[in-house]
Amino acid sequence: MRIRGKFTKEGRVKFVGHLDTVRLFQRAIKVAKINVAYSEGFNPHSKVYFAMPLSVGVSSVGEYIEIRTKDDMDVADMKERLNNILPEGIKMLDTFEVVEGTPTLMSQVDVADYVVDIDYENKAQLLQVLQQDEILISKRNKKKKWVEVDIKPLIIDCEIVETENKLQIIAKLFAGSKQNLNVDLLLKALFKEEFDNLIYTVTRTELYTDQDGKYIPILVSDRV
1 MRIRGKFTKE GRVKFVGHLD TVRLFQRAIK VAKINVAYSE GFNPHSKVYF
51 AMPLSVGVSS VGEYIEIRTK DDMDVADMKE RLNNILPEGI KMLDTFEVVE
101 GTPTLMSQVD VADYVVDIDY ENKAQLLQVL QQDEILISKR NKKKKWVEVD
151 IKPLIIDCEI VETENKLQII AKLFAGSKQN LNVDLLLKAL FKEEFDNLIY
201 TVTRTELYTD QDGKYIPILV SDRV
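The sequence shown: position 77 = 77 (this note's numbering), numbered continuously.
Be careful, since some hints might not be right.
Claimed, not checked - Cross-link-like lysine-lysine pairs, in silico, DSS-like; alpha carbons within 30 angstroms at most:
#1 K47 x K33
#2 K152 x K139
#3 K192 x K166
#4 K166 x K178
#5 K145 x K172
#6 K172 x K192
#7 K188 x K152
#8 K79 x K30
#9 K139 x K178
#10 K172 x K144
#11 K91 x K30
#12 K91 x K70
#13 K143 x K188
#14 K152 x K172
#15 K9 x K91
#16 K192 x K139
#17 K192 x K14
#18 K143 x K70
#19 K9 x K145
Honestly, the hints are just simulated from the structure, not real lab data.
The task is simple: from the sequences and hints, build the whole structure.
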């Protein structure tokens with residue numbers, strides 16, 4: 001049985017890296033006595049998969065995990081068992097069965113939503129950058145060489161909202177294995193030399209899959 005869950009990663013636990021998060025869930029699944037399936041071969045591993053690694057220091061209210069079980073299980077019971085064990089900051093929001101034959105969780109991620117809260121008041125400067133025909137930034141390529149790239153095609157939408165002496169950036173970015181824009185790279189492009197002195201927090205709010213040009217939340221795609 002293929003069961004997916006949506007979960008949060010907030011508070012201090014946002015500083016736990018991806019590999020440690022994987023181990024944390026593997027232990028929680030074991031303690032919760034969930035009959036997880038294992039791969040075959042000389043080094044079997046539990047069939048527990050994640051949608052997209054979350055950068056250290058980034059919070060999220062829209063992370064996804066897939067757990068494959070040896071037998072059928074009530075999805076609400078799995079949610080309750082895990083929430084009784086998982087540490088503060090990680091909470092299962094929903095669990096649901098997906099159709100057999102559905103592509104892997106990681107391969108389905110195409111788009112991500114982010115909210116950035118930042119101590120900054122010059123909204124006009126950010127809008128000016130976003131309105132440019134190209135938004136160029138230097139980054140290292142796979143060969144570790146510095147190259148200049150245009151990230152504007154990777155920005156689906158970016159809204160700047162004014163709050164009390166702060167700005168909130170609400171961005172929808174291409175993400176995943178096909179094309180990906182790291183939110184920090186977007187911020188570097190927007191703030192340029194001011195980036196290193198910024199005080200900000202980032203929250204990932206949702207992950208989507210592209211179905212015929214429509215961005216569907218992982219939460220509802222391929223759900224039984």
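These are the hints, each one checked on the structure:
1. K47 x K33: holds (15 angstroms)
2. K152 x K139: holds (14 angstroms)
3. K192 x K166: holds (18 angstroms)
4. K166 x K178: With Cα atoms ~33 angstroms apart, K166 and K178 exceed 30 angstroms; violated.
5. K145 x K172: Cα-Cα ~27 angstroms, so holds.
6. K172 x K192: holds (20 angstroms)
7. K188 x K152: holds (13 angstroms)
8. K79 x K30: holds (14 angstroms)
9. K139 x K178: holds (18 angstroms)
10. K172 x K144: OK: K172 and K144 at ~27 angstroms, within 30 angstroms.
11. K91 x K30: Given that 30 angstroms is the threshold and the Cα spacing comes to 17 angstroms, the pair holds.
12. K91 x K70: holds (24 angstroms)
13. K143 x K188: Holds, at about 21 angstroms.
14. K152 x K172: Satisfied, since the Cα-Cα distance of roughly 12 angstroms is no more than 30 angstroms.
15. K9 x K91: This hinted pair holds, its Cα atoms lying about 7 angstroms apart.
16. K192 x K139: holds (13 angstroms)
17. K192 x K14: holds (26 angstroms)
18. K143 x K70: At roughly 42 angstroms apart (the allowed maximum being 30 angstroms), K70 and K143 break the hint.
19. K9 x K145: violated (33 angstroms)
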